[in-house]
Amino acid sequence: MISIDGTLVSAGEGGVYGERMVGGHRVWDPYRSKLSALWYLDKSTDLSSDAVVLYLGAANGTTVSHVADYVESVYAVEFAPRPMQDLLMVARKRKNIVPIFADATQPQRYAPLLEAADIIYQDVAQPNQAGIAIKHLPFLKKGGVLILMLKTRSVDIRKSPEEVFADTCEELSRAGLRVQKSLWLSPYHADHAAIVCERL
Amino acid sequence: MYWYGSGTDISTDPAEVAARIRTAKTDMTKYVPCDWKQAQQLGLVKNRHDYIETLCRSTIHMSEEGIAACSQEKDVELLQMVRTLDEMDTVINLLTERLIDWYISITPAFSRKYRGSAAGAAKLLPMIGKNGTESMKKIAREILSMSNARTNLMKEVSRIAVSVIPNMSALVGGLVAARLVSRTGSLAAAAKMPGSSMQVIGAEGALFSHIRTGSPSPKHGIMFQHRRVHNAPREVRGHVARALAAKLVIAARLDYYRGELDAKFVDEANAKIDRLMEAEK
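Protein sequence lines correspond, in order, to chains A and B. Going by full-length UniProt numbering, 100 is the number at position 100 of the first sequence; the sequence numbering is gapless. Going by full-length UniProt numbering, 242 is the number at position 242 of the second sequence; the sequence numbering is gapless.
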């Protein structure tokens, strides 16, 4: 990852969503992007330049645009029509983003489009977030990394965030993933946790 | 099977790829991800860069098709209209409040008795339009003209709702029906919703505090705006809300899957709710 004076940035053409520029680089704001927040909390977070990324829950394509600045190519899946229009705008400019308009709970619908990924990054507001991640394991290379941004409030509002966090980690371990690290994204994002796993 | 096809059916034309993906049934237990080198061997792409570019042409085409299909759902425009209407209410109220405060600040003799009520605001606006400063008058005129636009929009919403969601409109009126669907997100979502959820749409705050802390559950949300619910005697209001919500989701399903008024259903539903109201009197 590239940082200038402790500020996370990415190299690439600016003006995607009105982001600030520093020394010709695009500032990657931890309050807007969970992946950036993860880097601020754990500096070993990295995206290698030859990686193929499967990005679930791409939304308007702000974080996607930064990821695309770092990696070889990004397959970006988004289901809602309005954000998808923004994502398409981003994909038309950045040639290494493959936008896919589909429901991440139904991977078999878009499986014929996907390559094996080095990294799966998931940020979806759904109740069964661990289940969605597990459904996508066939796309992840052996030794590949799953970065799950867990929105605990979307899982079960009756359970405490800590409980949801623990349950999710356990479910991922049972599915054959090794949880490398798991941490809360405070102070940048409330009730959000990052879980980084390796596929064995 | 991969996006570029298999056997004799091999191509990278976006329309053909889209048709292939639509009909594809992938068995995820046997699934092996695409390998771009295979596409290269088939002579479909020159190199890696070409592969991604060719694939993108297809996925962008499919996305555009998908988005177009979504916005063709007939409820999409209605929902935008309701949201605009509700937003206009907020803006009109805020501006009116602010303008009245402004007027009061330069009119020491002004009585505060008008404040706080909608009727008061309605009387005050023309008064400010007559007696205020030049800028106040201008703003008062703008607010009045926006109120007129709002009234027209409201009539239009009711009219369109009757044709887009006829059964729901027949039960609670076009405006409330449209607001319910707007809060649900889409008619498709409303048609899949259980009655108990429909009953408390718009009362999310109360609902979550009920789930978290066990405070009393809300009886009704947006549905309260309908006269059947807010005119019902207190003791049966919960009853009426529950029965009406159950009928509303059935109506949503009729509207979504059939799209036309089912007079028999509406009459029976209305009769049932009227019976509930009568029973307790």
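It is possible that some hints are incorrect.
As a list, the in silico DSBU-like pairs of lysine-lysine whose alpha-carbon atoms are at most 30 Å apart [said to hold, decoys possible]:
(1) B:192 / A:159
(2) A:159 / A:93
(3) A:135 / B:37
(4) A:142 / B:192
(5) B:46 / A:141
These aren't lab readings, by the way, just hints derived from the structure by calculation.
Checked hints:
| no. | hint | verdict |
| --- | --- | --- |
| 1 | B:192 / A:159 | 25 Å, holds |
| 2 | A:159 / A:93 | 42 Å, violated |
| 3 | A:135 / B:37 | 25 Å, holds |
| 4 | A:142 / B:192 | 39 Å, violated |
| 5 | B:46 / A:141 | 25 Å, holds |
The structure fails hints 2 and 4 (numbered hints given earlier, in ascending order).
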